[in-house]
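> Now for the letters of each chain:
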Amino acid sequence: MLTAVEALDETVVITDPTGIIEFVNPAFETITGYTRAEVLGQSTRILKSGQHSAAFYQALWSRISSGKVWRGRMINRKKDGTLYEEKATISPVLDEAGRIANYVAVKFDLSREIKLQNELHHAQKMEALGQMAGGITHDFNNILQIILGHVHFVEDELDPASQEFADLEKIRMAAESAAELTSRLMAFGRSQINSFEQLQLNGVVEESLGLLRRVLRENMRVDFVPGEAMAEVIADPNQLQQLILNLALNAQDAMPKGGRIEVSTGTIIAQSEEETTTNRPVRRAFLRIRDEGIGMDRVTQEHLFDSFFTTKRIGGGTGLGLATVYGIVQQHGGTIQVRSALGEGTEFEIQIPLREEELHGTHSRGR
Amino acid sequence: MARILVVDDDQQVREVFKRTLQSHGHQVVEAGDGRAAVAAYRESPADLVVLDIIMPEKDGLETILDLRRDFPDAKIIAISGGGRASAQGYLRPAKILGADLAFSKPLAPQELLEAIDKLLKQRDH
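Protein sequence lines, in the order shown, are assigned to chains A and B.
Under our numbering, the first residue of the first sequence is numbered 1, with each subsequent residue one higher.
Under our numbering, the first residue of the second sequence is numbered 1, with each subsequent residue one higher.
One thing to keep in mind: the hints can contain errors.
Stated by the list, open to error - Now the in silico label distances, taken between C-beta atoms and shown as ranges: (1) A:T300 - B:K121: 52 to 60 Å; (2) B:L65 - A:Q198: 31 to 39 Å; (3) B:P93 - A:E169: 30 to 38 Å; (4) A:V338 - B:K121: 54 to 62 Å.
Claimed, not checked - Examples of chain A residues lying across from chain B (beta carbon under 8 Å, computed): (5) V104; (6) F108; (7) T137; (8) N142; (9) I146; (10) L148; (11) H150; (12) H152; (13) P256; (14) A341.
No lab work stands behind these hints: they were computed from the structure.
Just so it is clear, CB atoms sit at the ideal spot from N, CA and C, and this is done for glycine as well.
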């Protein structure tokens, strides 16, 4: 019996009638970060997260102390302070006299389920927004066609030297730049399923640098710190260039007075779930883009990859750039992380599978 | 001067193309979707078709196929505002299916007129 409990994935905690811990299984140690020695003799209160009201705990205790089983979800705190949610069943164990001798809690960590659910929601949201963006682009271009057509009709009637003509020219130029914007957005958003090829990441970055130096303001400096020359990935070079361009433009926006953008590449041992499922470390290619700009607070970082989320003033950005970046990373079976703090700049790190890893079949590319 | 069939599900877009073409002496016939366009063309073939791609009922790509099947010599200019794919994503198949020229919206009036002139000259030679 004890061996079975020791091997369970579920956390098992046995306490005395006052809630003092008498036994925990290895799963408890893994999930909470506490060793058995640290918690034996302690009250279960050490796990309290502060996320539930006093009434919640009172109801729980009143139920189990009356001999009934409590089932529910609760948020607890690990040794390192992070919170986790678990599904728990807490049962009283009675002695021969019918008194409560112990409580046994069997708990299942829901973190992975919740993470998967959030990822699914995010993917569904991105798909819906992608469809919406496509529809908007089509209607938007029709509207621009109507605006530009009528500008032309009125211009035809006017003296090209008049103020009215000059004003209309401004409308025409604004409408044309809006058209340019939608075409860029659609280029970023579209999936180019057939253009994945084997390539060296450094080569793609080098090709992008020329474009960046033309597109970025003169007070911006771009430095490239290349990693291992032979880091080969299976990727769509156009999409990677779009990704680099989007992140560099964001970096530029974060440095209105100018500054330096550092693009670096290399390989890294991935700290991912794959490592545990394949039982061997997974090496991935990374691409980092770092700026010395204003940085971001936590709220901004949380919403960073949402479509239409933007911190820029009206006309400053559409909020589709990073959502597009996210989409591109997903298509490459990669991950993206951001490291940033207010006043300390921002670094985006994209990791994508190396070609050699793809050959091992450890990764399937998401679409 | 030519008789041109303008096909677009957006009435205001049709209006813009119509005025542009009329101001250069062309005669314009309108259709609001692909089905109406094919019917109008069968009834009285136009010299040239200006065709939107994303439309209800019958989209522009289907319309190109239908027109090409019955009228191999029809002159067709495809114009797309994009959608789930970019405008280019629709225009490439439009050309493969048989459009003579393809443009993305918004299209400058001058560009449309030049394209029409070019195709009409080809027809006349």
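> Now tell me if each hint is right for this structure.
Hint check results:
no.: 1; hint: A:T300 - B:K121: 52 to 60 Å; result: holds, 57 Å
no.: 2; hint: B:L65 - A:Q198: 31 to 39 Å; result: holds, 37 Å
no.: 3; hint: B:P93 - A:E169: 30 to 38 Å; result: holds, 35 Å
no.: 4; hint: A:V338 - B:K121: 54 to 62 Å; result: holds, 56 Å
no.: 5; hint: V104; result: violated, 55 Å
no.: 6; hint: F108; result: violated, 41 Å
no.: 7; hint: T137; result: holds, 5 Å
no.: 8; hint: N142; result: holds, 5 Å
no.: 9; hint: I146; result: holds, 5 Å
no.: 10; hint: L148; result: holds, 5 Å
no.: 11; hint: H150; result: holds, 7 Å
no.: 12; hint: H152; result: holds, 5 Å
no.: 13; hint: P256; result: violated, 31 Å
no.: 14; hint: A341; result: violated, 37 Å
In summary, the numbered hints that this structure violates are 5, 6, 13 and 14.
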